[in-house]
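Chemist: Model the full structure from these sequences, guided by the hints.
Just so you know, the sequences run in chain order A and B.
This note's numbering numbers the first residue of the first sequence as 221 and each following residue consecutively.
This note's numbering numbers the first residue of the second sequence as 221 and each following residue consecutively.
It is worth saying that the hints were derived from the structure and are not from the lab.
Everything hinted at is true.
Copies of the same chain look alike in the list, so a pair counts if it fits in one copy or across any two.
Think about it this way: if two alpha-carbon atoms lie no more than 30 Å apart in a straight line, the pair counts; the simulated DSSO-like pairs of lysine-lysine are:
no.: 1; residue 1: K289; residue 2: K364
no.: 2; residue 1: K315; residue 2: K325
no.: 3; residue 1: K364; residue 2: K489
no.: 4; residue 1: K364; residue 2: K332
no.: 5; residue 1: K332; residue 2: K290
no.: 6; residue 1: K290; residue 2: K364
no.: 7; residue 1: K271; residue 2: K315
no.: 8; residue 1: K315; residue 2: K442
no.: 9; residue 1: K295; residue 2: K489
no.: 10; residue 1: K315; residue 2: K451
no.: 11; residue 1: K456; residue 2: K289
Number of protein chains: 2
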Amino acid sequence: MMHKISTTEEAREFLDSIDTFLFDCDGVLWEGDRVLDGVRETLSLLRQTGKRILFVTNNSTKSRSMYLKKLVSMKIEATEEEIFGSAYATAYYVKNILDFPTDKKVYAFGDKGLKEELEAQNVTVCGIGEDNEPIDFDTLHTIKPDDSIGAVILGFDINLNYRKYAKAFTYLYHNPECTFIATNEDSTYPIHGTVYPGTGAIISPVITALGRRPIVMGKPEKPMIDCVVDKYHLDKNRTCMVGDRLNTDILFGINGGLKTLLVLTGISKEHEILDQDQPIKPDFYANALGDLYFLSQQQ
Amino acid sequence: MMHKISTTEEAREFLDSIDTFLFDCDGVLWEGDRVLDGVRETLSLLRQTGKRILFVTNNSTKSRSMYLKKLVSMKIEATEEEIFGSAYATAYYVKNILDFPTDKKVYAFGDKGLKEELEAQNVTVCGIGEDNEPIDFDTLHTIKPDDSIGAVILGFDINLNYRKYAKAFTYLYHNPECTFIATNEDSTYPIHGTVYPGTGAIISPVITALGRRPIVMGKPEKPMIDCVVDKYHLDKNRTCMVGDRLNTDILFGINGGLKTLLVLTGISKEHEILDQDQPIKPDFYANALGDLYFLSQQQ
Chain A
221 MMHKISTTEE AREFLDSIDT FLFDCDGVLW EGDRVLDGVR ETLSLLRQTG
271 KRILFVTNNS TKSRSMYLKK LVSMKIEATE EEIFGSAYAT AYYVKNILDF
321 PTDKKVYAFG DKGLKEELEA QNVTVCGIGE DNEPIDFDTL HTIKPDDSIG
371 AVILGFDINL NYRKYAKAFT YLYHNPECTF IATNEDSTYP IHGTVYPGTG
421 AIISPVITAL GRRPIVMGKP EKPMIDCVVD KYHLDKNRTC MVGDRLNTDI
471 LFGINGGLKT LLVLTGISKE HEILDQDQPI KPDFYANALG DLYFLSQQQ
Chain B
221 MMHKISTTEE AREFLDSIDT FLFDCDGVLW EGDRVLDGVR ETLSLLRQTG
271 KRILFVTNNS TKSRSMYLKK LVSMKIEATE EEIFGSAYAT AYYVKNILDF
321 PTDKKVYAFG DKGLKEELEA QNVTVCGIGE DNEPIDFDTL HTIKPDDSIG
371 AVILGFDINL NYRKYAKAFT YLYHNPECTF IATNEDSTYP IHGTVYPGTG
421 AIISPVITAL GRRPIVMGKP EKPMIDCVVD KYHLDKNRTC MVGDRLNTDI
471 LFGINGGLKT LLVLTGISKE HEILDQDQPI KPDFYANALG DLYFLSQQQ
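Modeler: Here it is in structure tokens:
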């Protein structure tokens, strides 16, 4: 049963039942450049009462330290340890879940945040930055199978080109042992008040040519939750995923066996969750994250 | 009922029943750099007996004049009028079937062959060659909706980049009136004895981000057959598609309501067509195209 948190008692009871809060950021903490009302107060309240806070994002272009700068610039208190982006999740997965062989390399398609996180886990990365030059028909044959590549990892890459697609495809096509990972599958990339093709779009040439799907790390997929739970040794019953989208954030929490809270300050609207035909329902919902603070402070 | 052409009588009867032959090239006329046995003799025989010959290819990087050079280099007699590639088919479709407005432009993703064919039809093309420079996060916002773009056409483009994907997506996403066309959907691109990602792969980011499918011109889709039939005023009952692949060439012929002949010198093997569970069956099949000549010449 889904509960709307709208009274002081409901807010306090909810807060008492949870030890760890996983926050989606855009649409939950802020909208564009504006931090939403009561968000800073809610986060302070959680810290004061000893709750653990984690920020969970599908942005694979930024490392944790890069994402921390963004939070700080929004005047949201955070530490690097509290940030779990899909670049870090991917690196954590490769190192700790896959136990990646030290004599193998990863071929990656992505931005420097992904490279930074992989290298911080002592994983040897090739591709990022090196392969930005286009290729032509005459030199295409120089792209050959390479058994030293143990995994191909695809993330958002604004410097994508055919050289990179042909390499990623070739390493996977000729070596069934090569692990195929995507940082996330968001089909669009929201920026500047509009959208452009997202990670899920730009990685699709490799999937289409191969006819084989990757392990997907970002929300709503389970590997990312597995990494979060593994790293922080969380009690799933006392952990809540807080988000603004049913089909990513809330589904992510459900897939991971966590409690879920939907806030109505972003994408998903109240009529959607009340719709009988909506299969994805949060455990709790509230008008805004700030309500947890405002309601709990009332007499 | 499927017939194998293996006697002189069968070969002659088949030849008598057809006026126009549509030929797939690779695997039918040649294999790699070698023209298959009896192919030149078969084509000469068809010309001597007044048959019409058309070469139908999914290669969208070459214009008809460029493809003619390839046929000539293989010592296969042909004229530009006999060549029907997916670049030309696309241009023909835009001009003659869509009746493209003269005040609108096409944004195209492709090679110079596509540009050449579109311009030969007096269609204004932008994108090809101009957008080869990568884009960065800071200038991404300069890509904006543009209502002067009446169609987005995606073909094989070895100079693909995020600038092109973002433009193609933006023009289509913000303008439901904008026509979306792909030259073909082959998922892999065979070259140098191996394969790399094909047109169907590299166009998939736009499809994935949009959640909308293009009109597809190449084999096995119907628009290409419609163009061929429209241009040459063919009698479908006396036209035969000759190919080496069930799921492209033969399906193409079936989709277009033509007769079909599979030759066993390429991809599809005899056991596949004899398989009870195979839904795509040609009307006729033969060990090789050259058999039409060798069998028909026997006493």
